[in-house]
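Assemble the complex: chain W is given as a structure, and chain C must be docked to it using the hints.
So the protein sequences, as listed, match chains W and C. Counted from 1, the first sequence has number 35 at position 51 by the numbering used here; the numbering is strictly sequential. Count along the second sequence from 1, then add 8; that gives the number in the numbering used here.
In short, the hints are calculated from the structure, not lab data.
Label-pair ranges, simulated between beta-carbon atoms: (1) C/A173 / W/G145: 25 to 33 Å; (2) C/P98 / W/T201: 50 to 58 Å; (3) C/T237 / W/S128: 43 to 51 Å; (4) W/K74 / C/T178: 41 to 49 Å; (5) W/F228 / C/P235: 48 to 56 Å; (6) W/L61 / C/E118: 33 to 41 Å; (7) W/G145 / C/S243: 51 to 59 Å; (8) C/E43 / W/R165: 50 to 58 Å; (9) C/E118 / W/I(-10): 47 to 55 Å; (10) W/I(-10) / C/P98: 28 to 36 Å; (11) W/S128 / C/A173: 15 to 23 Å.
Note that the structure is predicted; figures quoted are calculated from it, not measured. No residue lacks a Cβ here, since even glycine has one placed at the ideal position from N, Cα and C.
Each chain is listed here by its residues.
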Amino acid sequence: MKSKGIFAAASLAVFACALLLWRLAILAFGIAPFMLPTPMSVGRAILLHLPDLWSATVVSAEAAVGGLIASIVVGVLIALIFARLDWVRKLVFPYTVMLQTVPIVAVAPLIIVWFGPGMLSVGVISFIICLAPIIANTTQGLVSVDENLVQLFLMHNASQGQIVRRLRLPHALPHFFLGARIASGIAVIGAITGELFAGSGQVGHGGIGYSILYAQTQAQIDLLFAYVIAATALGFSMLFTVMFFEWLMLHKWHESA
Amino acid sequence: MTSVPEVLLTGVSKRFSTDEVPVLQGVDLSIERGEFVSIIGPSGCGKSTLLKLVAGLSLPSDGEIAVNGILPKNARQLVSFVFQDATLLPWRTVERNVALSLELEGRTREETATTVQKLLELVGLSKVGKSYPRQLSGGMKMRVSIARALATRPRLLLMDEPFAALDEMTRDRMNEELLRLRQEQNWTVVFVTHSVAEAVFLSSRIIVLAPHPGRIAHDIVVDLPFPRTAEMRESEEFDVLVNRTSKLLREAHRV
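Pulled out of the complex, with its shape left as it was, chain W reads as follows:
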């Protein structure tokens, strides 16, 4: 307990040092405020634009959370099909790995052609970027079950459905959460990238990506920083939520928790 407190204090100190270095660098090198604002002015921008920051974060969060949830539903279903039908997995799995290597910025314009500008496209882009880690990790979890356990189930005349529900799914849970953690982080990246291309569909009511572009054109660098911090906070909250569910479901029996 005691060492935990010391570490918390120490990491806060590291953060304070970083802010101090930032401030000193501006002084030492005479960096202009329109290139790099001071920590104080970023803090001021956050306080000043709190309602804008909040509404932009909510808009982006809707797309990111929507994309993440959709990718979990679709990804787990695909993983179940892969686990059930070996030949489908062998034929299709390589392409899902490729899905991971397609640069999302290259595909985003195409998505907008298909779904139109606006938040639907943004959600779809977030969904696509989240899908690969969910599929890959969940499939891995479903198929990496100890062969002896499968035989144990077979010895008791278990049906394939029973093997999936009572063996493969619970076994896949830690793997699934590993994928969901990765996805929760990149869901925000997907949403912001999407907005850079698709806008928000509503003038004056955009997400973080849209607002970052806006702040840039207005040369409000301190506000731009504030949006970056908002994006980070959003990604962190999503990761934290996933980790909370992970803890809830695994901490009793799994070593990682």
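Coordinates of chain C only, in the frame set by chain W:
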């Protein structure tokens, strides 16, 4: 009515690919109800393969296998399998692990609950029923595994080196407990091991397999009386049997 052997293998061969030496070749073996048969042999002689065949988890390339006169696949209700690892489900408590086999066979909740409590008492684990496997020692996990196997009241128990991963003292104690349980429930056992002392202590009969291809080299009757006690391990008869079996095992290895 003449009694049907509990396990009957006639001319059983198993090969995994056509051009290699078979894992098992021409195995004839008849095991009567109530026997405790250990199978020993050097690694790669097909001990585990033989057990999987009797369990119906794999099919012979040649020959026939019958459990209680019927195909192994259809006799599964009479049989339980104990693996080398405890193979527990880590997300289930001890109680729910023991209940697994009953659940899969569709028993009622009440029946399952009472059976599980009785079994946990039998293997001395009543106190840890609500614990998860990761909180248990290796010996305790193995006991859960055995309790799970016994839950469906099997007539035939197939055990694949169940105590190989345990330290010697735990293993000896588990051996004694296994015999005590067997006295109460009287199952037939086919037990794979690579420990001669374990085989002699537990068995009424020992089958020595020779490798490449796997086949029966010796069929030894262990004429120590039951019930067996820990002290019997120090007896002269026990030593003689262990030495004789070890010698036969070494010979089987050479051929």
